[in-house]
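Visitor: Residue strings, one per chain:
There are 6 protein chains.
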Amino acid sequence: MTRPSGRSPDQLRELRITRQYTIHAEGSVLVEFGNTKVLCTASVEEKVPGFMKGKGEGWVTAEYGMLPRATHTRGDREAARGKQSGRTQEIQRLIGRSLRAVTNLKALGERQITLDCDVLQADGGTRCASITGACVALHDAVNSLVAAGKLKVSPLQDFVAAVSVGIVDGQPVLDLDYDEDSSCDTDMNVVITGSGGIVEIQGTAEGTPFTRAELDALVDLASKGIAEIVAAQKSALAA
Amino acid sequence: MTRPSGRSPDQLRELRITRQYTIHAEGSVLVEFGNTKVLCTASVEEKVPGFMKGKGEGWVTAEYGMLPRATHTRGDREAARGKQSGRTQEIQRLIGRSLRAVTNLKALGERQITLDCDVLQADGGTRCASITGACVALHDAVNSLVAAGKLKVSPLQDFVAAVSVGIVDGQPVLDLDYDEDSSCDTDMNVVITGSGGIVEIQGTAEGTPFTRAELDALVDLASKGIAEIVAAQKSALAA
Amino acid sequence: MTRPSGRSPDQLRELRITRQYTIHAEGSVLVEFGNTKVLCTASVEEKVPGFMKGKGEGWVTAEYGMLPRATHTRGDREAARGKQSGRTQEIQRLIGRSLRAVTNLKALGERQITLDCDVLQADGGTRCASITGACVALHDAVNSLVAAGKLKVSPLQDFVAAVSVGIVDGQPVLDLDYDEDSSCDTDMNVVITGSGGIVEIQGTAEGTPFTRAELDALVDLASKGIAEIVAAQKSALAA
Amino acid sequence: MTRPSGRSPDQLRELRITRQYTIHAEGSVLVEFGNTKVLCTASVEEKVPGFMKGKGEGWVTAEYGMLPRATHTRGDREAARGKQSGRTQEIQRLIGRSLRAVTNLKALGERQITLDCDVLQADGGTRCASITGACVALHDAVNSLVAAGKLKVSPLQDFVAAVSVGIVDGQPVLDLDYDEDSSCDTDMNVVITGSGGIVEIQGTAEGTPFTRAELDALVDLASKGIAEIVAAQKSALAA
Amino acid sequence: MTRPSGRSPDQLRELRITRQYTIHAEGSVLVEFGNTKVLCTASVEEKVPGFMKGKGEGWVTAEYGMLPRATHTRGDREAARGKQSGRTQEIQRLIGRSLRAVTNLKALGERQITLDCDVLQADGGTRCASITGACVALHDAVNSLVAAGKLKVSPLQDFVAAVSVGIVDGQPVLDLDYDEDSSCDTDMNVVITGSGGIVEIQGTAEGTPFTRAELDALVDLASKGIAEIVAAQKSALAA
Amino acid sequence: MTRPSGRSPDQLRELRITRQYTIHAEGSVLVEFGNTKVLCTASVEEKVPGFMKGKGEGWVTAEYGMLPRATHTRGDREAARGKQSGRTQEIQRLIGRSLRAVTNLKALGERQITLDCDVLQADGGTRCASITGACVALHDAVNSLVAAGKLKVSPLQDFVAAVSVGIVDGQPVLDLDYDEDSSCDTDMNVVITGSGGIVEIQGTAEGTPFTRAELDALVDLASKGIAEIVAAQKSALAA
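Residue numbers (the numbering used here), protein chains in the order written: chain A, 9 to 247; chain B, 9 to 247; chain C, 9 to 247; chain D, 9 to 247; chain E, 9 to 247; chain F, 9 to 247.
Hints are supplied without guarantee of correctness; some may be wrong.
Note: identical chains are not told apart, hence a pair may lie in one copy or across any two.
[Unchecked claim] As a list, the in silico SDA-like pairs of lysine to any residue whose alpha-carbon atoms are at most 20 Å apart:
1) 55 x 81
2) 232 x 83
3) 158 x 148
4) 91 x 235
5) 55 x 80
6) 160 x 221
7) 91 x 101
8) 63 x 247
9) 232 x 221
10) 55 x 177
11) 160 x 64
12) 55 x 84
13) 91 x 108
14) 55 x 79
Since the hints were derived computationally from the structure, they do not count as laboratory data. Note that the coordinates shown come from a computational prediction; the quantities given were computed from them, not determined experimentally.
Using the sequences and the hints given, assemble the complete structure.
Guide: Pasting the structure below:
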């Protein structure tokens, strides 16, 4: 089997992580998985949402959006339609949960960090790219709090990244682009920490259900990919 | 370890499936997993939504709701608030995908079946109960089309059911009730067909990430539980 | 004239009132007028809405909903459409007013009781069934406050119930089912207390206006019916 | 008892009906019941709403609004809040039903007439004033269709008007102004045709329920008042 | 060139300003530019919006609406559609800014004045009429505060009025009515104070762009017209 | 006077126009006025909106958005809030009108081009940058239609660009950045074509009204600036 992109089954797309992409946010990262480009900003606010008040803890949350022409054909602008789609809400809940899994909310103190993940260009895997870029932006925002003396140590306990895997024509492949994503039988998004703990696993059979053996192969592939992605996150932050 | 309910780790709650619970719908099932009670109705309409028009195929979709006082404390009525929560949309998309995985949409013809899953009483696992009950209601609705001569054979290729599994105090357990659900570290919903194919797997670490070994144990437990649930579905339909 | 159901003109449908139908609410009643089935729950909250704050009084309010397939053909889910219809709002305002008419709000203290009336199955007369069932659920909720020592005496001054009456083919009839409701000329909903006081009267001529004599006959019929319904409420509470 | 306005119990406020109040609408009436002023316009459109298509009949409907400062203190603008209140919807449904009760929809042909009733100044009884003024605007609109040769005869079978009655300090009174309306025990709106047929009766006990004898007295009072109002409508149309 | 109305190019329509048009508002003005009729009310509230709290200043804001049948053909009711159009929001922002330009917000104290401008009948120039009438209503409201001893001196520093100008068939004309407005190439709304200072200028080329010379001619024309309008405002307030 | 940026009063910020910034859209331009960065995409659809159907003409429209953290402090996401602000709607209407002013809609044929202007980073002048960038994206989209043989000649009759001017500390200055914009007395946005025709002029006095002489100076300044901007647009398209 040859992938449309010429990649081998276990090969990631070219991954680029650009920090300080915009100037106002406490963390601002452009993450690119091949042609998928997502701008992830981290905004610190010295207050927490209503349901967290008085607990002495912080909160990390996310919002997700896609520019109308990030895709092949123009999609509706959610602000104009007057509501976010179910898909958008599902994705932003996933991003938030993934980042909270590596954050010590008590150590963050009574402040909120909002990760805005806006897709400038889409070619599959936007939610995984969002988690990956948002993690780096979150590190930058938290480090700025430490540098400013507002925090003694970083409340971030680990890195976290995500990748999609799927079965295309019977073959498990890593990091699906749009062409593969639209034609695959099974699509799985996996979120794993730097130390290898699984945070989220979301697999869906689009047509034929998948077997236990396929599940195992997909999780193996995702683990391998995420190890490479976390290395890239660390290297970007060290730059 | 003792579970609050006294169940063994791999024991389902008492499962009851009552067909023809209401009189108007083509399929109407009250499904009970212990104290969780969901009314699942299947409604047949001789038309398809806009995006399916002219394809010569049918569509199966789902809507989910919870009565305001299905829970310990009263929740907002979504109709009064003017929008469905992200959680509601996530659940109804999951139910729809699960049922379409066992339906031959071409064989259904240009008609839509809507599964309404309304939670009358909640005690954990409402989305899994919904999928389980909706599958039976869908069978009833499709059988009524066959009986009426509108379909020659049933477009349903299999059964499908769901169950939640989780790690509570380090122990993998099957079919979490509300008490366990609120205290567990890892929560996973698994959707599997009658022939054992995996349709959906959605696992989330609420606190500590989970290991590969724990993932394996949870999937084993879910597979065992779903085999029992599918047996109950078949027995209910045979009654 | 024969009624489609074979009932005599002044005969109610079979009335069933089941208390403690669900487990979480302070009052939970399934009320059935023939095939019309409404689940009425009463939820007590130790706070009042903004416009009642600081008055030293309580509040009783209601919300009404209908499951999408409670009816012959599936109706839109109001939560999905994003707003409640004018009909829904009219009904829930009527239920709230009717219950407040028998409640001493001062004696209730600064707390709110919300009556949720959700129609599981509809066959005409759902608003009247809602008032009737909600009254019993309200009694249960208030009695639980008395039992818990939060109230010394019940702030409920009376019972209240409702019934529809109408003119079908020139004949005044009691407690219309769906078939009669859709074909009748004049439709009237009457809300009366246990001691016979009129709380609400809402009569509408669908086609030909009605005469003063017909108005009198309809109110007579409603009074007779409500006396029987209140007896059933009292008997259910005594059980 | 003396009424705040000095009127006798069965005396209407000064009633003024001004036709052709604005220039664009097919019917345009300013109706004044004392200080209550409502602008009622009738707009003819050569199409019917979706649910009436293909029936060979017309439709008459109404919309109701209140300018934010029509009242003592400024109310929210419903367009700014983004939704119409339950009260607004209840009123516009009532106006529509009342006018359809005197219209032969078949004779109207496949066209819609919309009555917009906008309260410029409120002092109680705005829904009754709306029905009264809208009836005259509807006559003007229909007469313009007859004059234009689009209709051979008027599809209006009668006049229709409305008035409020209530029990204030134990005394039944006619045509309540705002002061009486806010303090009365029982409030009733009655809609009656020119030939004396009852179209709508909506009575509510705000505090103590009302007796059968009080109901009778109120309907008598309303009948008397409406006879005078219909005379004023006819006289305005003859001018 | 002859204008459809027979006016000379620099001639305003007949301008009428009627104060105390309704009874409840602190300022209530019906302003008429020919057939354009707008009811402008000023409502005083002893509180400011959230973003102005604690600044020791007041706020002046505006809302704008058009009755559905103010126009040749019936328009949607914004309250029924559930949102205000972009045009409505643009206009009410313009009215608010124009009035704040002549108000000393500090001298107003911590209170808000809301100007509601509701178009009863439209024939072009409704936003200019709104500004013109709202200025008079604002003067009345502020004078009532002074009369009541709540303010020592009026915080209004000047008058402000608005007029539309445009190029019709190559000719600059003043105060366009609907016919001219729909056919003109360039349309400009100008807001000028009593002392001649420009507050707002909004010019739009509908077809061919306009030249600098045309811009100059239009501003000249507007200045002349506004001087006459301000004289009328002063004369109305002196009456 | 020294400007905060060190620019001379009539000096533009550094202007960069990058074409083909993203890959899917028919035109995709990143426009930068100093630190203000707007992504402008042009999307061609072979259909027109309802109100343009059957006229044999095309339509050009625009939508505008700002990423939540494009600004110094995070703003609400309009999609999450469920509606676009009045400011957003005002801006997108302005962009659309400006582009239609240089487009021959008849020559475009029955197709729609939507310009999405999304602000990635804001430092004042985002609406002017949007118009400037959108014009280039529109040229690219139209040229692609010509290249594909769908249009014989370009329906674009000219270039169009916009710039803000204002009076800061009594001095007219060109192309305000955020610091100047927040402190200026008068703010004006001017839209001018390549051949010098004025398309839009929108001036607002934030505090003191401005004089006729100031208006003249501002228009002079804007004309000079736009000539430079149009030169940059042409040079970008020639590249």
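Visitor: A separate judgement is required for each hint: does it hold in the structure or not?
Guide: Structure-based check of all given hints:
In this assembly of identical chains, the alpha carbons of residue 55 and residue 81 lie at most 20 Å apart only when taken from different copies (13 Å versus 39 Å within one copy). Neither within a single protomer nor between protomers do residue 232 and residue 83 lie at most 20 Å apart by alpha-carbon distance, with minima of 34 Å and 38 Å respectively. In this assembly of identical chains, the alpha carbons of residue 158 and residue 148 lie at most 20 Å apart only when taken from the same copy (14 Å versus 49 Å across copies). In this homomeric assembly, residue 91 and residue 235 never come within 20 Å of each other (Cα to Cα): the closest approach is 36 Å inside a single copy and 40 Å across copies.
Taking the shortest alpha-carbon separations for residue 55 and residue 80, only the inter-copy value of 17 Å comes in at or below 20 Å, while the best intra-copy value is 39 Å. Taking the shortest Cα distances, residue 160 and residue 221 never come within 20 Å of each other, neither inside one copy (46 Å) nor across copies (36 Å). In the homo-oligomer, the alpha carbons of residue 91 and residue 101 lie at most 20 Å apart both inside one protomer (16 Å) and across protomers (17 Å), since each shortest distance falls under that limit. Taking the shortest Cα distances, residue 63 and residue 247 never come within 20 Å of each other, neither inside one copy (36 Å) nor across copies (45 Å).
Taking CA atoms no more than 20 Å apart as the test, residue 232 paired with residue 221 passes in both settings, with 17 Å inside one copy and 16 Å between copies. When the C-alpha separation of residue 55 and residue 177 is checked against a cutoff of 20 Å, the pair qualifies neither within a copy, at 49 Å, nor between copies, at 33 Å. Only within a single protomer do residue 160 and residue 64 lie at most 20 Å apart by alpha-carbon distance; the minimum there is 16 Å, versus 39 Å between protomers. Taking the shortest alpha-carbon separations for residue 55 and residue 84, only the inter-copy value of 15 Å comes in at or below 20 Å, while the best intra-copy value is 33 Å.
With identical chains, the CA atoms of residue 91 and residue 108 are never at most 20 Å apart, being 25 Å at best within one copy and 26 Å at best between copies. Within a single copy, residue 55 and residue 79 get their C-alpha atoms only as close as 35 Å, which misses the 20 Å cut-off; across copies the closest is 19 Å, which meets it.
In this structure, the hints that do not hold are numbers 2, 4, 6, 8, 10 and 13, in rising order.
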